[in-house]
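Undergrad: Chains A, B, C, D and E, in that order, are what the protein sequence lines are.
If you're matching positions, the first sequence starts at 1 in my numbering and goes up one per residue.
If you're matching positions, the second sequence starts at 1 in my numbering and goes up one per residue.
If you're matching positions, the third sequence starts at 1 in my numbering and goes up one per residue.
If you're matching positions, the fourth sequence starts at 1 in my numbering and goes up one per residue.
If you're matching positions, the fifth sequence starts at 1 in my numbering and goes up one per residue.
Quick caveat, the hints were computed from the structure, so don't treat them as lab data.
For each residue, glycine too, the CB sits at the ideal point set by N, CA and C.
Keep in mind that the hints are not guaranteed to be accurate.
Stated by the list, open to error - Derived DSS-like pairs (lysine-lysine); straight-line CA-CA distance at most 25 angstroms:
{"id": "1", "chain 1": "C", "residue 1": "93", "chain 2": "C", "residue 2": "179"}
{"id": "2", "chain 1": "C", "residue 1": "71", "chain 2": "B", "residue 2": "195"}
{"id": "3", "chain 1": "E", "residue 1": "81", "chain 2": "B", "residue 2": "59"}
{"id": "4", "chain 1": "B", "residue 1": "195", "chain 2": "B", "residue 2": "106"}
{"id": "5", "chain 1": "C", "residue 1": "36", "chain 2": "B", "residue 2": "159"}
{"id": "6", "chain 1": "E", "residue 1": "169", "chain 2": "C", "residue 2": "36"}
{"id": "7", "chain 1": "B", "residue 1": "71", "chain 2": "C", "residue 2": "71"}
{"id": "8", "chain 1": "B", "residue 1": "310", "chain 2": "C", "residue 2": "71"}
{"id": "9", "chain 1": "B", "residue 1": "319", "chain 2": "C", "residue 2": "71"}
{"id": "10", "chain 1": "C", "residue 1": "38", "chain 2": "B", "residue 2": "159"}
{"id": "11", "chain 1": "C", "residue 1": "36", "chain 2": "C", "residue 2": "86"}
{"id": "12", "chain 1": "B", "residue 1": "159", "chain 2": "C", "residue 2": "15"}
Said to hold, decoys possible - Covered, in the sense of this in silico footprint (three residues per stretch, anywhere, with C-beta under 8 angstroms from a C-beta of chain E), are these stretches of chain B:
{"id": "13", "stretch": "141-147"}
{"id": "14", "stretch": "275-285"}
{"id": "15", "stretch": "364-374"}
To be verified - Residues from chain E shown here face chain B by an in silico Cβ test under 8 angstroms; the list is partial:
{"id": "16", "residue": "68"}
{"id": "17", "residue": "248"}
{"id": "18", "residue": "249"}
{"id": "19", "residue": "332"}
{"id": "20", "residue": "364"}
The residues making up each chain are set out below.
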Amino acid sequence: MTALQLCLVFSSALFCVGLVGALARSNTILVLLGIELMLNAANINFIAFWRFSPSPAPATGVMFVIFSIAVAAAEAAVGLALVIAVYRHQKNIRLQEANRLKG
Amino acid sequence: MSISDLSPLGAQGGSHVRAVHDEFHGDLLEVSMGPHHPSTHGVFRMIVTLDGETIVKLKPVFGYLHRNHEKLGENTSYLGSMPYTDRLDYLCSMTNNWAYAIAVEKLAGQPVPERAEYVRVILAEITRLLNHTCLAGFLMQDLGCSGTPLMYAFREREKILDLFESLSGSRMMCNYQRFGGCRVDPSADWLEGAKQLTDGYGQFLDEFEALLTGNEIIMARTQGTGVLSPELAVAAGVTGPMLRATGVNYDLRKTDAYGVYPRFDFRVPLGAHGDVYDRYMVRVLEMRESIKILQQALAGIPAGPIMDPKAKLRGFRPKAGEAYGRIEGPKGEIGFYLVSDGSPNPYRYRVRAPSFINLTILEDMCLGQTVADAVIILGSVDIVLGEVDR
Amino acid sequence: MLGSGLIQGLAVTAKNLVGSFHDPARYTNVEYPEVKTKLPEAYRNFPFLVTESASDPMGTLRCVACQICEKECPPQCIYIEKSKDKKPDATGKMQLFPAVFDIDTSVCMSCQICVEVCPFDAIKMDQVFEVATTSRFEALLLNRNQLAKPNTYYHSIHPTEAAEVDGRLAAERKAAEEKAKAAAAAKAAAAAAPKSATAAASATPPSTTPTPKPPAAPSAEAPKPPTPAA
Amino acid sequence: MNAVLIVIALVTLGAAAVAMTLRNLIHSALLLIASWAGVAAFYLWAGAEFVAFAEILVYVGAVSMVVLFAVLLTRRSRADLTVTPDSAGRAISGFIAGGAVCGVLVGAIVATPMGVGSSPTPTVTVKQIGVQLMGTHAASLLIVGVLLTVALLGAIVIASADRTDDSEDTP
Amino acid sequence: MIAAATTDAFLERAPVLLRDAVTGFLPEPWRTLVNALIAVGLILGIFGTLFAFITLAERKILGRVQNRPGPNRAPIPFINKRFFGLSQPFADGVKSLTKEDIVPRDADKVLHYLAPVALLAFSILTFAVIPYGRNLVPVELDAAVLYFFAAGAATELAVFMAGWASRNKYSLLAAMRALAQLISYELPLLLSWVPVVLIAGTLSTTAIVDAQAGWKFGFIPHWHVFTPWGFAGFVIFMVAALAESNRSPFDTPEAESELIAGHLTEYSGFKYALFFMAEYFGMLALSGMAITLFLGGWRSPLPFLEFIPSYLWFGGKLLALIFGFIWIRATFPRLRIDQLTRFAWKFLVPLALINLGNTIVWSLMSNSSALMQLARWPVCAAIILVPFVVLGRKLSAGVAPRIYRYA
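Construct the complete structure from the given sequences, taking the supplied hints into account.
TA: So this is what it looks like as C-alpha cells:
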C-alpha cells in the first residue's frame, strides 16, 4: 500500500468513526463531535492529495483545509449554541426528544 | 420572576428555591463556604446556593467559637468579667472594657475622674484607628490584594499594639479599664508616644489611600456591591460605620454624648449609597476624625487621679437594679446589659455585640451578587467571630 | 483617565519596596529568635510568687494562703491549700503559708486580677513568654516551687513597680513595728478589726508613673490578714 | 516514514473511537481533543505546518473549550455527565451503516491504482499562503470572514437566554 | 548573520562553540539528535533553575514591598549559612516531593493525574521557538509565532481538567472561570501581535527579531515597542499575558479569598509543584514572546552596549518583565470574573482591532514623504489614544471617587 493509500484509509476510517458516532449516539453534543470528526477526515484527504500530488505547487489543498477549518469552527459554535438552546427549552439534550419545531 | 424576587423570607428552605430554579435557571450549586475557608474571618460559615456564580440563597452558620460568654459573666464577679470582655472583639479590647465599665458604673453609681475619662477617649479612638486600619487591610485581602495593604495596616497596628502593651501590659487582651477609672496612669512618655502616633497617622492614611482609594479595580469591585438600604439597616438594628455608610446619621458619640466627647470638635462622615465602597470610605474618613479627636484629647488631658479613690476593686456588690451601658465601638454600638441582685455576680449579663447584629443582614446584601462579592461584603461588615459567637 | 489610580498604587508600592531597604520607619521587623525587642516594663504573662530570699524560696514566700486570688481568678486556674502550721512572715508575724500553690497556665489568661487583689504583694506577673513545652498537662501545671521567684528577680523585670512595692512594704513594716511597740506599751489587745477592702484596693494598683507616688502607708491600720470576705 | 504515519493514524483513530463509545461526556470530549491533536500531527507529518498549528489553535484551543462549556452548561447533576445508554437498535444500525461506508471506501481506495507520487515533500511557506489568501482566494477569505461573523452573532443570539419565552413554553 | 557571528566577541559565540565542541565529532544524524537533546536539557535546566529562583524572588520582592524580609531562613545544607534564604526553593522542592499526594476518593483519578503533566508539557512546548540569543533558537519554524500560541492555547485545557477532575465545587467553579477567562483573553492576545506580523511580514521569530535591528539617530532602537502601535500592542499583550498566566489581578481561577485555591484545591505534594512550575513556565514563555515581538528580542538597546552577549540581554529583559509581573501582583486586587471578561471583550478586543488599523495607517504613511514620516507619530498616537480614553470612560462609567458629606 502506498503512503497515499494509507492516508486515505486513515481518513476514511476516521470518517466512519465519526459517522458511527453521529448515528449511534443520542447525545446531541456527541453527534456534533462526530460531525466534526467527519469534517476532519475530509481535511485529511485534502492534505494527503496535496502532499502526494505530482504538482503540489499551488497549495490548493492547504487553502481548502484552512477554509474548511474556519467553516468547521463556525459550525461548532452554532451547533453548540443550538445544543444550549435546546437544553434551555427541554432540560435535556437527547436527540430523540428534540422533536418539536417550536420551542 | 427575577432573582431579587426571591426574598430571604419567601425562600424558606431549599425546596422552594430549587423548584423555582428547575423551571427558570440552570443548576443550583450549593457550596459550603467555611468554617475553614480562607476569607471567612475566622470560623464563620456560609452555605451559599449559587446559580452559576450568582448567589440565590445564603445561609450563615455560626457558633463555632461559642464560649458561653454571657453565662460565664453571670457566674463571675463584676471584676472577673472584665478580662473576658477583652476576648469578645479581640481587636478592640479597650472599647469593650469601656462599654462594660460604663455599664457597671451606671449600675453602681460610680463616678469617674476626669483624667480617666480623657484616657478612655484616647484609648477608644486609638482602638478605632486600629480596628478600621485592620479592617481595610482585611477587606483588601478579600479583594485579592496579595497581602500588601494588610501588611501596611499591620505595620501601623504594631505601633498601636506597642502603645497598648507599654500601658496595660498586654497587646490585645488589655484588661485596662476599671470601675471608676483606669488601672494604670499613663505616663508622660506614654502620652508623648500616643501623640507621635497620632501625628504620623495622617501621613500613613494618605499613603494608604493613594494605594487603594483611587484604584479603579477597587472602585469597580466595591461600588454598587452589597448595597444596604437605610430602611433595612435601621430595621435590622445595624449600627456603626455600616449604618452611617447608608446615610443614617447615628453616632453614639454625638447622640449619647457619653464621657468627655462633647468637649471635642469632630464630624461624622456619612455615606450615600450604602455599598462596600461607602463602608470602606466612611471608615477611612472616621479615622481622620479620630485623629482630630486624639489631638484635642492629648492636648487637653488634665492632671489628677486616674481612679476614683472611693472605687472598690474587690468585694464589689452593686445594689439591686439594672443598667445598660453602651458606647460607639469601632464596629458599632457595643453595649452591656447588667441586672444586679445585690450579690457579687451579676444576675443577668448580656452583650449587645455589634458584629453579630450587623451580620444578620448578610443575606440581604448578598442576594443577586456573585461569590466573589459575598466575600468582600462579608469583609466590609467587619465581623470578629469572638464577638459574633461569644 | 483609566489607569491613573492603578499607576498611583504602583508608585506607592515602589516607594515601599525601596523604602524597606533604607527607612527604618517602613521596615520595622525584628528577626525574633536572634534579636529580641526589649519588653516594656508593664508587660505581663503568667503570675509568679515573690519570695524574700533566693536561697530559701519556700521559707520566705510572701504568700499567706489567704486564697483571695483563688477566689477572684476569673478562669479559676489557681489552686491553694493552706498549711497546717504557721511561720513568721517578713514583719515577723506568724502567718499561714501555702502548702500547695498550683497555677494551671494552660487555663490562665494573664489578666493580672490575682496581682491586683493580692493584699500582700505576694503574686506578681512574670515576663517569661517562651513557655512552650512538649507535654500538655504536667508541664503547664506549675507548682509553688516552680512559681516561686525571688524579689530581686521582680526588681529586674518591673523595676519601677517593685521599688514602689518595696517602699510600701518597708513603710508598712515600720508602721507595724511602731504599732507593736505602741501596743506593747499600751498593753492593748492584739486583735484589730477586719480591715476594709478599700485600703487594699487603693494600695494595690501598680503604677508606671515616672515619679512614683510616695507609698500611702496607712499608719493607723497595719495590714492584717484579711478575714476572707464571705 | 510510513511507520510514523501508521502510529499517528492508530492513535488518532483509537482516541476517536474510544471517545465515541465512552459514556462520560467529559472524557469523550477530552479524548476527541487528543484525536484532533493526532490530526494536527498528521498535518505536520505531511508538511503542512501552518495548517497543523491552525488546527491546534482552532480545535484544541477554541472548539474544545466551547464543547466543554456546552457539556458543563447542559448537565443537571454530576450523574448526568454519564449519558443514558442508547438503544441497542440504534447502535447496531449505526455500526452497520458506518461499517458499510467504511468497507466501500476502503475497498475503493485499495482497488484504485494510485500514481505513486514519489515527488519530494512540497513546501508551502506562510508567505505563500498569505499571498494566495490575499490574492487568488481573496473573495473566499471575505466570504469566510462574513460567515464567521454571522455564525458568531447567530450563536450568541441562539444561546442567549430569552427568559420571556420560557414561561409559556415549559411543559 | 554569519558575518555578525564571526565579528562577535567570544562570549557571544560561546554557546554554539561549546555545543559544537561537544557534538562536533558525531556523525550527522546523531549530531542533530544530540544537539536537540542538549537544547532540551538546557532549556529545562535553565528555566527550571530560573523558576526556582523566581519563586524566591517573587516572595522576597513581595516581602520587601510589604515591608518584611520575605523567606530568609532556609540554610544552605552542610555549611549552615543562610545567605538570605537562597536555598529556600530547594527546601520547597524537597518538601513538595516528600509530601503525601492526596487524591480525593471521588476524583476522576486519570484526569486528576494527567492535568499537571499536560499543563507542564504544553507550557514547556512553547519554549521551543523563542530566540534566546543570536543563533540561539531551538527550533527554527516558519510559523513559529503561530506554533507558540497553538501550544499555549492547550494549557487552558489542563486547567479545566484539573478543576473538573478534582470533584470539588470550588475547583469546578474555578474550571468554569478559567475557561471563560482564557477564551476571553486568547483573542486580545492573538490580535495584539498581528500588527507585529504585519510590519515584519513574517511569522518566524528570528525574522521578527531581525526586523527590529538597528537604531534611529544612533540611540533609539527600532524595537516595535517604540512606536505608537507597538506600545499599544505591547501593553495589550502584557495585560492579556497576565490573564493567560493567571496572574494577579486576573487570578480569578485560583482566587484565594474566594475559591480557596481554585483548580489547585485538591492538589498536594508534587502535583501541586508541577502546576506551580507550569504556571511560572507559562509566564516566562509569554514574557519571552513579548520580548521577541516587541522588545527587540535579544538585541541590546544601545549600540555601545553590544559587547554584552545577546543571551544576557534576553535574560535581562526577561527578568525585568518578570519583575513587572511581581510588582503588579504586589499592588493590585483581583477583578471579578464578569468584569474581567467585560474588560477583555469591551476594551481590549476593540482596542486591539483599532491598533491593527493603526498599524496599517502607520505602514501606509511610512512610504511617503519626510513630512508624512514625521506626521505619522502624532496621528498614530491619536488613533490609539482617543479610543483608549473613550473606551476607558465607557468601561468605568459609574465608577468614580466619591465626595462624602458630614453630619
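Undergrad: Each hint should be assessed against the structure and marked as holding or not.
TA: Hints and how they fare:
| no. | hint | verdict |
| --- | --- | --- |
| 1 | C:93 to C:179 | 13 angstroms, holds |
| 2 | C:71 to B:195 | 40 angstroms, violated |
| 3 | E:81 to B:59 | 52 angstroms, violated |
| 4 | B:195 to B:106 | 31 angstroms, violated |
| 5 | C:36 to B:159 | 16 angstroms, holds |
| 6 | E:169 to C:36 | 45 angstroms, violated |
| 7 | B:71 to C:71 | 18 angstroms, holds |
| 8 | B:310 to C:71 | 22 angstroms, holds |
| 9 | B:319 to C:71 | 21 angstroms, holds |
| 10 | C:38 to B:159 | 14 angstroms, holds |
| 11 | C:36 to C:86 | 43 angstroms, violated |
| 12 | B:159 to C:15 | 20 angstroms, holds |
| 13 | 141-147 | holds (count 7) |
| 14 | 275-285 | holds (count 5) |
| 15 | 364-374 | holds (count 4) |
| 16 | 68 | 6 angstroms, holds |
| 17 | 248 | 6 angstroms, holds |
| 18 | 249 | 6 angstroms, holds |
| 19 | 332 | 6 angstroms, holds |
| 20 | 364 | 35 angstroms, violated |
The structure fails hints 2, 3, 4, 6, 11, 20 (numbered hints given earlier, in ascending order).
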